[in-house]
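Line order of the protein sequences matches chains A and B.
Going left to right, the first sequence walks through residues 1 to 283 as this note's numbering numbers them.
Going left to right, the second sequence walks through residues 1001 to 1270 as this note's numbering numbers them.
Bear in mind the hints are in silico, worked out from the structure with no lab data behind them.
Source: prediction; values computed, not measured.
Be careful, since some hints might not be right.
Said to hold, decoys possible - The calculated BS3-like cross-link candidates involving lysine-lysine, where the alpha carbons are at most 27 Å apart (straight line), are: (1) Lys1201/B - Lys1129/B; (2) Lys1129/B - Lys1036/B; (3) Lys1242/B - Lys95/A; (4) Lys1098/B - Lys228/A; (5) Lys1230/B - Lys1248/B; (6) Lys228/A - Lys1187/B; (7) Lys97/A - Lys1128/B; (8) Lys1201/B - Lys1130/B; (9) Lys228/A - Lys1131/B; (10) Lys1036/B - Lys95/A; (11) Lys228/A - Lys1128/B; (12) Lys1130/B - Lys228/A; (13) Lys1066/B - Lys1201/B; (14) Lys97/A - Lys1036/B; (15) Lys1187/B - Lys1201/B; (16) Lys228/A - Lys1201/B; (17) Lys1242/B - Lys1230/B; (18) Lys1128/B - Lys1098/B; (19) Lys95/A - Lys1098/B; (20) Lys97/A - Lys1098/B.
As the list claims (entries may be wrong) - Here are the simulated distance ranges between beta carbons: (21) Val1147/B - Gly276/A: 26 to 36 Å; (22) Leu222/A - Lys1128/B: 23 to 33 Å; (23) Ser99/A - Asn1145/B: 31 to 41 Å.
Built from N, CA and C at the ideal position, the CB exists for glycine as well.
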Amino acid sequence: MIELWYSIIGLLPFTWVSYEFMKNALLAVIIVTPCFGLVGTMVVGNRMAFFSDVIGHSALTGIAIGVILGFTDVRPVMIIFAVILSVSINIILEKTKASSDTVIGVFSASTVALGVALLSRGGSFNKYSVFLIGDILSVTRMEIFYLVLLLAGVVLFWIFFGSYLALISVEPSLAYDRAISPFVVKTLFSILVALVVILSIRWVGLLIINSLFILPAASARLVSGSLKDYYFRSMYISMLSGISGLIISFYTGSACGATIVLCSAAVYISILVVKGLRRSAGW
Amino acid sequence: MLSVKNKNRHNCSIDGPCDNCCTYIEGVSVSYGGLKAVDNIDFRFSCGELTAIIGPNGGGKSSVLKAILGDIDYQGSIGFCSTSGNGKKPRIGYVPQKVSIQPDSPISVLDLMLLSQGHLSAWMHVSKKKKKEMMDLLTIVSSENLVRRRVGELSGGELQRVLLACSLNPLPDLLLLDEPVSAVDVKGMEAFYEIICNLRKAFHMSIVLVTHDIGAIAPHADKMILINKKIFAIGDPMHVLKHPEFRKQMGSVYPFFTNVLKDKHYGIKL
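Isolated chain A, as found in the complex (with noise of 0.2 Å):
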């Protein structure tokens, strides 16, 4: 397979097609960015986005409870911390019906704190930096494998209860006589923000992982008419984004993640200005 997919970038007229780490860059980004444009569609539509932004920052708590635990590999203990934190989080909500923005708040300030606590000990929080800024050009093709599990994921996720969370969006009442609650889909849904942010973190850094979520999914709201343009848009955005934000990052020498939420926020302003053009013009 990833054979196949070497030979056909391969024939591109590009300098960059000549390296491997280019080629397994190009194709994490193509696995990874429809996840983001997806999941951003319900991050935003739910009022999520502060939601998914602390469990961005949660990956340096997770971080830190791993190296404290003796891991080589800290992946798993972030995880973990991720979900229980989001399912924590949801039961919070759920039960104290306080504002979400001060529950979450209280978390995000919590977490990040700790996780600087613990991995400052001793002042070898460089070591770190790497999950601050992310680094997509070391993605190994082992990796690939585990994010094109993490899009069928997302997609089955989507297919099953996207509808769901769009209509518990309008009103939670309107799904009462459902056999499930809005509840338990939300707490689902966190899990797999939580999946999808440790899960790619590591490429991406954690500093802006949340506006991979944010920006497509805002720039499709601005010119959609129906959930369906909504969902294809916010992915098309997210590609295409994610592509050129690559490439660009290549010439440029930028770090990658950073490149590709530029290249996105490129495209939301675009829109609104078109907008606000054809609104003061009147087409």
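With chain A held as given, fit chain B onto it using these hints.
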């Protein structure tokens, strides 16, 4: 069209309200932490009948609705009886008071309708038949022109009609509306009540409406129930509005309603 198929679905010979098929509420009480919000009430909603539940704030109107919906725990029994058997749960349609839709939401009216019917995915191909079904529902609430609009940009009245359409499939035995016109202007409100009135006849369903807007609903309702923890008055609207308990329970707002009701528009004289 739906009306032909479903008009006599309860096998009633009577066209208007009848006692053969109805939703019954027997000895229902609701308490919140030891405090009784609703105390041992009994009544029936007959099919083909429009009932307005009125009462002061905190008098338990919404609690009754939530109990019927099964959202909260209650004592007593709620069931549906018809010629085909007693005691099963009525099929309920529910129109919420307000929805928290974001103005920039990309959900279209067609999307919302499909979603509320449990259509698996808004991204899949929608069959012509399904689309036609949704259009029929929208036609019932005179809103077929809204089908392509985004839900976020609808006016209060338009949104309320769309939500009503959503609640009509599968056709409910009992349609519950929680202060449906609180965000709707006067013109939209009259249109909405008119649609509701037609529904109860066309589909032989009982419609229950919780409302503050006593003056506007009075001419349309078949029955009115005045609740303040217990039932204080029940019967046709004129009976309830003239009842001595109405003045007692609705005390502070009474002068206002007197004026509204005297208004020629409603044709009611006190």
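We went through each hint and held it up to the structure:
1. The hinted pair formed by Lys1201/B and Lys1129/B meets the criterion: a straight-line CA distance of about 26 Å does not exceed 27 Å.
2. Proposed proximity of Lys1129/B and Lys1036/B is contradicted: the alpha carbons are some 48 Å apart, above 27 Å.
3. Simply put, Lys1242/B and Lys95/A have alpha-carbon atoms about 44 Å apart, too far for the 27 Å limit, and the pair is violated.
4. The straight-line distance between the Cα atoms of Lys1098/B and Lys228/A is roughly 25 Å, inside the 27 Å bound, and the hint therefore holds.
5. Annotation: proposed proximity of Lys1230/B to Lys1248/B holds, straight-line Cα distance about 14 Å (limit 27 Å).
6. Under the criterion of a C-alpha separation no larger than 27 Å, the hint pairing Lys228/A with Lys1187/B is inconsistent with the structure, at around 34 Å.
7. Of the pairs offered as hints, the one joining Lys97/A and Lys1128/B is violated, with about 42 Å between alpha carbons and a cut-off of 27 Å exceeded.
8. At most 27 Å may separate the alpha-carbon atoms for a hinted pair to count; Lys1201/B and Lys1130/B meet this at roughly 25 Å.
9. The suggested pairing of Lys228/A with Lys1131/B holds, with an alpha-carbon distance near 15 Å, which does not exceed 27 Å.
10. Taking the CA atoms of Lys1036/B and Lys95/A, the gap is about 22 Å. The hint holds against a cut of 27 Å.
11. Restraint check for Lys228/A and Lys1128/B: satisfied, since their Cα atoms lie roughly 17 Å apart, inside the 27 Å limit.
12. A C-alpha spacing of about 16 Å is found between Lys1130/B and Lys228/A, which places the hinted pair at or below 27 Å, so the restraint holds.
13. For a cut-off of 27 Å, the pair hint linking Lys1066/B to Lys1201/B stands: about 25 Å separates their Cα positions.
14. For the suggested pair Lys97/A and Lys1036/B, the alpha carbons sit about 22 Å apart, so the restraint of at most 27 Å is met.
15. Restraint check: the Cα-Cα separation between Lys1187/B and Lys1201/B comes to about 22 Å, which is no more than 27 Å; the hinted pair holds.
16. Between Lys228/A and Lys1201/B the CA atoms are separated by roughly 37 Å; this puts the pair beyond 27 Å, and the hint is violated.
17. In summary, the hint linking Lys1242/B to Lys1230/B is supported, as the alpha carbons are separated by about 18 Å, within the 27 Å threshold.
18. The hinted pair formed by Lys1128/B and Lys1098/B fails the criterion: a straight-line CA distance of about 31 Å is larger than 27 Å.
19. About 22 Å separates the Cα atoms of Lys95/A and Lys1098/B, which keeps this hinted pair within 27 Å; it holds.
20. A threshold of 27 Å between alpha carbons decides the hint, and for Lys97/A with Lys1098/B the separation of about 18 Å falls inside it, so the pair holds.
21. Range check, Val1147/B to Gly276/A: Cβ separation about 28 Å, and the 26 to 36 Å hint holds.
22. Against the hinted window of 23 to 33 Å, the Cβ-Cβ separation of Leu222/A and Lys1128/B comes to about 30 Å, which satisfies the hint.
23. One distance hint, 31 to 41 Å for the beta-carbon pair Ser99/A and Asn1145/B, holds here, with the actual separation near 38 Å.
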